[in-house]
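Engineer: Sequence:
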Amino acid sequence: MVAEAGYIRTNAEALINNNDSFLQAKAVEEISVGNCGEFSMVVFAHLIQNTTGQWVHRCCMAGTVPEVNPPQNYDHCFVFTYARQVADTKAIANKDEATIADAWDGYKILTLKSFMKGQNAYGTTLKDSNISIEESKQADGNQVFSNQIKGYITEWAVSFNQNFENDMLDPNSTYARVAADASANPSGFGTRGSDVVGLDDRRTIAQKLGNCTAEERDDIIQTSSDDTLFGYINTLSHAKKAEFFVDVPTARITRYIKKCWNSGFWQTFAVASSYPYRHSVINALPVDMARDVFDALPKADKDKILKALPKNKREQLTEPELPL
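Residue numbering for the sequence shown is 4 to 327, as defined by the working numbering.
Please keep in mind that the hints were generated in silico from the structure rather than gathered at the bench. Accuracy of the hints is not assured; some may be wrong.
Derived DEER-like restraints, expressed as beta-carbon distance ranges [as the list claims (entries may be wrong)]: (1) Lys-310 / Gln-165: 21 to 29 Å; (2) Asp-143 / Val-249: 54 to 62 Å; (3) Glu-219 / Ile-19: 25 to 33 Å; (4) Ala-17 / Ser-162: 19 to 27 Å; (5) Asn-145 / Val-249: 33 to 41 Å; (6) Lys-243 / Ser-132: 53 to 61 Å; (7) Asp-221 / Phe-163: 29 to 37 Å; (8) Trp-159 / Ser-132: 36 to 44 Å; (9) Glu-158 / Lys-243: 47 to 55 Å; (10) Asp-143 / Phe-167: 30 to 38 Å; (11) Glu-246 / Lys-310: 21 to 29 Å; (12) Asn-145 / Cys-215: 42 to 50 Å; (13) Val-249 / Gln-57: 52 to 60 Å.
Glycine included, C-beta positions come from ideal geometry on N, C-alpha and C.
From just these sequences and the hints, can you work out the full model?
Structural biologist: Put into structure tokens, the structure is as follows:
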């Protein structure tokens, strides 16, 4: 941030303070985890930077939940859009003209009127006093941060995720203790959460991949465990495997081949794969496996692959095998 602001710290601090929600939203997108407050910031930032004209209001629920003993405060955040800026929902005469976007509650999109009549996370009828507008901004379709700043946040997220994973291995770490406590003492309302974050998402990988964008598809493949991903691949036909492998990193394909080697996968790979990435997989395999895969290929493919391989691997594949 300091670098982006011309190495003047006061300018950098102003950049951060004036765009706090956008900064947090980008961080949340990068680490792919958050509660309803973080989710509302992501939606808030996305709508402002990718639409024009409408006013976007980030809100929290206020007051106490009716007929709950002992008393329980509402605890939820969401976003609504409207044609103009308002200080509270009392100023909106026709609540059918305002639209709620609640990412935490299953990506729910509905009118403010329906939301207040009970179609909210708590299932209660709301008053205007139960909705507190935290911040508002008119959508202008402009990106708040430069690619340089986005790069800084991405670098931070990579470091954060690694530190988090390391800390979670220690049952006495703060993260691990909080996670254990939350698991033993769940709080809040029920929600199916977010497909992107993966919270409480019990769909199979086939169900996830059947209803996703190209970006989400990469995310799903990247974050799925080897066992989950490989189990899914095993359900595919040769033709479908050929399509699917294009999206799978070489390292994952190589691990899959090694894991499924005894089922004769080299034959499937020879039939299902396509040349543009097949040579990189062959290069990554141990020599004995690479030779078996290579030998199963048509001659025309062999010639192309040999040209793409480094010299040492090419020599290993073409030198005659010694008799037993």
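Engineer: Taking the hints in turn, state whether each one holds.
Structural biologist: These are the hints, each one checked on the structure:
no.: 1; hint: Lys-310 / Gln-165: 21 to 29 Å; verdict: 38 Å, violated
no.: 2; hint: Asp-143 / Val-249: 54 to 62 Å; verdict: 37 Å, violated
no.: 3; hint: Glu-219 / Ile-19: 25 to 33 Å; verdict: 29 Å, holds
no.: 4; hint: Ala-17 / Ser-162: 19 to 27 Å; verdict: 25 Å, holds
no.: 5; hint: Asn-145 / Val-249: 33 to 41 Å; verdict: 34 Å, holds
no.: 6; hint: Lys-243 / Ser-132: 53 to 61 Å; verdict: 55 Å, holds
no.: 7; hint: Asp-221 / Phe-163: 29 to 37 Å; verdict: 20 Å, violated
no.: 8; hint: Trp-159 / Ser-132: 36 to 44 Å; verdict: 39 Å, holds
no.: 9; hint: Glu-158 / Lys-243: 47 to 55 Å; verdict: 37 Å, violated
no.: 10; hint: Asp-143 / Phe-167: 30 to 38 Å; verdict: 34 Å, holds
no.: 11; hint: Glu-246 / Lys-310: 21 to 29 Å; verdict: 25 Å, holds
no.: 12; hint: Asn-145 / Cys-215: 42 to 50 Å; verdict: 28 Å, violated
no.: 13; hint: Val-249 / Gln-57: 52 to 60 Å; verdict: 38 Å, violated
The structure is inconsistent with the numbered hints 1, 2, 7, 9, 12, 13, although it conforms to all the rest.
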